[in-house]
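Chemist: Line by line, the protein sequences are chains G and H. Throughout the first sequence, residue numbering follows this note's numbering, covering 1 to 247 in sequence. Throughout the second sequence, residue numbering follows this note's numbering, covering 1 to 570 in sequence.
No false leads were mixed into what you were given.
Computed far set for chain H versus chain G, every beta-carbon distance over 10 Å:
#, residue
1, Ser96
2, Ile126
3, Leu256
Ranges between beta-carbon positions, derived for each pair:
#, chain 1, residue 1, chain 2, residue 2, range
4, H, Trp553, G, Thr107, 31 to 37 Å
5, H, Trp553, G, Asp121, 43 to 49 Å
6, H, Ala506, G, Ala181, 55 to 61 Å
7, H, Arg16, G, Arg69, 33 to 39 Å
8, H, Phe118, G, Ser230, 53 to 59 Å
Worth flagging that the hints you see were computed from the coordinates, not collected in a lab. For each residue, glycine too, the CB sits at the ideal point set by N, CA and C.
Chain by chain, the residues:
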Amino acid sequence: MPVIDVNGLQKLYGDFPAVQGLSFQVGPGEVLGLVGPNGAGKTTTIRSIAGIIIPSAGEIRIAGHDLARDPVRAKAALAFIPDEPHLFEYLTVEEHLRFVGRLYGVTDVSDRIPGLLDEMDLTDKRGSLPGELSRGMKQKLAIACGLLHEPKALLLDEPLTGLDPVGIRRMKATIMRRAAAGSAIILSSHLLHLVEEICTRLLIMQRGRVVAFGTTAEIIARRPDLGTQSLEDVFLALIGQDQGAEG
Amino acid sequence: MFGYLAWRSAHNRVSRQLRHLRSPRYVAALLLGLAYLWFVVIAQRPAPAAGELADSRWLELVGALALLGAVAWGWIFGVERRVLAFSPAEVTFLFSGPVSRRGLIQFKLLRSQLLILFNALLWTLILSHERFGVSPWLRVISIWVLLTTLSFHRLGASFVRTSLAEHGRLGLRHRVVSLAVLGAVLIALTWSIADALPRLAGADARTPLGFLSALGEAAAEPLPTALTYPFRVMIRPLTAPSVSAWLNALWPALILLLLHYVWVVRSDTAFEEAAAAVSLQRAQAVSERQAGRPAPRAPGRVTPPLFRLAPEGWPAGAILWKNLVAVTRTQRVRNVALALAVGAVIVTALSFQPEGTLAEIAGWFAVTWAGAMTVIGPQWVRNDLRSDLLKLDMLRSYPLRGWSVVIAEVGASALVLTLIQLSLLVIGYLAFLGNQSMVPALDERTVLLFGAFVFLPGINLLGMIIQNGAALLYPAWVHLGSGRPGGVEALGQNMLMMVVFVALLAVTLLLPVAIGGGAFLLLHRAINGWAALPATVLALGTMAFEAALLVDWLGRLFERTDPATAGIGL
Numbered sequence: 001m002p003v004i005d006v007n008g009l010q011k012l013y014g015d016f017p018a019v020q021g022l023s024f025q026v027g028p029g030e031v032l033g034l035v036g037p038n039g040a041g042k043t044t045t046i047r048s049i050a051g052i053i054i055p056s057a058g059e060i061r062i063a064g065h066d067l068a069r070d071p072v073r074a075k076a077a078l079a080f081i082p083d084e085p086h087l088f089e090y091l092t093v094e095e096h097l098r099f100v101g102r103l104y105g106v107t108d109v110s111d112r113i114p115g116l117l118d119e120m121d122l123t124d125k126r127g128s129l130p131g132e133l134s135r136g137m138k139q140k141l142a143i144a145c146g147l148l149h150e151p152k153a154l155l156l157d158e159p160l161t162g163l164d165p166v167g168i169r170r171m172k173a174t175i176m177r178r179a180a181a182g183s184a185i186i187l188s189s190h191l192l193h194l195v196e197e198i199c200t201r202l203l204i205m206q207r208g209r210v211v212a213f214g215t216t217a218e219i220i221a222r223r224p225d226l227g228t229q230s231l232e233d234v235f236l237a238l239i240g241q242d243q244g245a246e247g
Numbered sequence: 001m002f003g004y005l006a007w008r009s010a011h012n013r014v015s016r017q018l019r020h021l022r023s024p025r026y027v028a029a030l031l032l033g034l035a036y037l038w039f040v041v042i043a044q045r046p047a048p049a050a051g052e053l054a055d056s057r058w059l060e061l062v063g064a065l066a067l068l069g070a071v072a073w074g075w076i077f078g079v080e081r082r083v084l085a086f087s088p089a090e091v092t093f094l095f096s097g098p099v100s101r102r103g104l105i106q107f108k109l110l111r112s113q114l115l116i117l118f119n120a121l122l123w124t125l126i127l128s129h130e131r132f133g134v135s136p137w138l139r140v141i142s143i144w145v146l147l148t149t150l151s152f153h154r155l156g157a158s159f160v161r162t163s164l165a166e167h168g169r170l171g172l173r174h175r176v177v178s179l180a181v182l183g184a185v186l187i188a189l190t191w192s193i194a195d196a197l198p199r200l201a202g203a204d205a206r207t208p209l210g211f212l213s214a215l216g217e218a219a220a221e222p223l224p225t226a227l228t229y230p231f232r233v234m235i236r237p238l239t240a241p242s243v244s245a246w247l248n249a250l251w252p253a254l255i256l257l258l259l260h261y262v263w264v265v266r267s268d269t270a271f272e273e274a275a276a277a278v279s280l281q282r283a284q285a286v287s288e289r290q291a292g293r294p295a296p297r298a299p300g301r302v303t304p305p306l307f308r309l310a311p312e313g314w315p316a317g318a319i320l321w322k323n324l325v326a327v328t329r330t331q332r333v334r335n336v337a338l339a340l341a342v343g344a345v346i347v348t349a350l351s352f353q354p355e356g357t358l359a360e361i362a363g364w365f366a367v368t369w370a371g372a373m374t375v376i377g378p379q380w381v382r383n384d385l386r387s388d389l390l391k392l393d394m395l396r397s398y399p400l401r402g403w404s405v406v407i408a409e410v411g412a413s414a415l416v417l418t419l420i421q422l423s424l425l426v427i428g429y430l431a432f433l434g435n436q437s438m439v440p441a442l443d444e445r446t447v448l449l450f451g452a453f454v455f456l457p458g459i460n461l462l463g464m465i466i467q468n469g470a471a472l473l474y475p476a477w478v479h480l481g482s483g484r485p486g487g488v489e490a491l492g493q494n495m496l497m498m499v500v501f502v503a504l505l506a507v508t509l510l511l512p513v514a515i516g517g518g519a520f521l522l523l524h525r526a527i528n529g530w531a532a533l534p535a536t537v538l539a540l541g542t543m544a545f546e547a548a549l550l551v552d553w554l555g556r557l558f559e560r561t562d563p564a565t566a567g568i569g570l
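Full structure from sequences and hints, please.
Modeler: Shown next, in the form of structure tokens:
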């Protein structure tokens, strides 16, 4: 059974369709890369799945729970990590984790915190307020908060923003580890080499519609006319920017 | 360049706000607001009690003392650092551009003019029927001069305080003239208060008019006259009875304004230290992202939370806990708590001494403030949705029903406000502890205090629900964030909002008062004073029922609010 099941998702802003007719599933252990140019509808899609935006039409199920009818259970099974970490000014690193632990009913939060802080390289900062953290550390804290309750579905919007090379490597390992542990992951990113490296399937969007869906190899194979093995070339061709890129 | 930036920013901001009028909800609010303004301004209100109120001498004195109090408050308790801050875009473009610090200050002053002009017009409309001053059109100029001077003073005070706080002795050297003036004013103020206290505490000052008269006599002494002179200068154009008197009063006020301008503009060194530090904190996020390197703030000591959050229990309890932790970690709140505790000890000790009148003055002050906090407190205590709506994305992703988010958010601020009020009331109670002749008597005062403990939480909860409801209904028009639009310059709009709030609170309290009061009257003949018990239960039950209905409605509204279209963070 898919962990994330999106069926006919549509989001309109007035007459403008931000997302139209989007359907896909993500199963346990899968990492779906959501890519597309600016304004393609990636963030709208990921926020709709996180229960932040109310879709105009369509159905979203998380771990079997309908997001519209049973939002509490559906949201309890997922974690959303935005590109810009939203932290509370007056809570320390450890208190953020305790706060999230209570929200998601994590009874053994004290046992989980040391391991997560170690994984995110934040052990020395456990008593620090967000104002004392760098951008990258804040991002790591937001990710730690998302991982605390071991979600079945993990939604990552540009997760590597602000991380240093060591942080990026650690984060990639963390994502792979969570997938191996059975989480279904959706990762939105502009970094094509990242999605190529860690995603099992790709969903390429443009103007709110799906223009390609499948594994990297499948997507490349569908465009033999391009005579390339590069995802970047195929991506640019799919979104109609290949002329500009070549020129 | 600055004029263009300020004008286009203001224009686009207003246009964006007006675009929300496509929503019927906002149209309804606008129509109600216009009707309200028409009622306040155009429709004839009861004529003021001519003579007493319109006496320009009293207006000048009371106005000058109010301004003195506002300015002293800013200096003592700190001017918000927000006063100094620039937006991230302004920091990115202006701080790194070929713009002098003095130019930046001038831009800051120019930018504040939009708010000042709006409030000057608002005050002119509010006061249009009052029988003092020369004419509404000249009054708008007088109010503009007053508000601009106060705005400049607030900015100058921010420079001095921040410079001292961050640079200690070095700051002292930079700000020697400002500090010398401030020191002289503080000494004069202390001396004047000490000199006036016996007169104010005297038997003649027990009635409001007697107190005002004693105040007038005290203020007529040479030192208080000198001390209040600049504030009288600011008020005088407002109370001038003729055009020639207005012209005579205006030029000293303009000179004072000019002096403030020079003071602030010459503070460019302090500005560099203060405003840049505050604003650049905002810009760090931008520069870090571009440079990919950390720029953390120096670590400080973090106050431990009042209680540890248990991992099990009501999930939304985490939000309540988070908001209470935020309050205890705010320096200003800690200062207030300390002042209240020290005040309680002092007034208790004084109330049994021959100088008990001093304690009673403090007691009246505390009780008055406790009452006033019911009305103004919900605008000040904002550790609720008004702060957290800027993180609506995160709130919406939590596995919580809307109603539980709303009650947790509202409960935190209602609790904080109630604690402040009850502390003030306890101080008032203790201040009169040694007074055996007071009416109401001690046992009656004890019952009243007990009543406050019972009713204030419910009243404040309803008050906070109204405030948070406004934020949820009109997120694009309500100021979001921990601070509210501050300063004397925003007093006009805050006052109008307060009147609307009081009206709504009165409506919500109508039913509980009617049911509780009715029950008391019905049962009083049968069971005498014991009738208060079922009446209280009924009133509290009605308040709880109303609160539950409102929270449920706001919870559903919260679940329907789309962060992308709500206009949050404008």
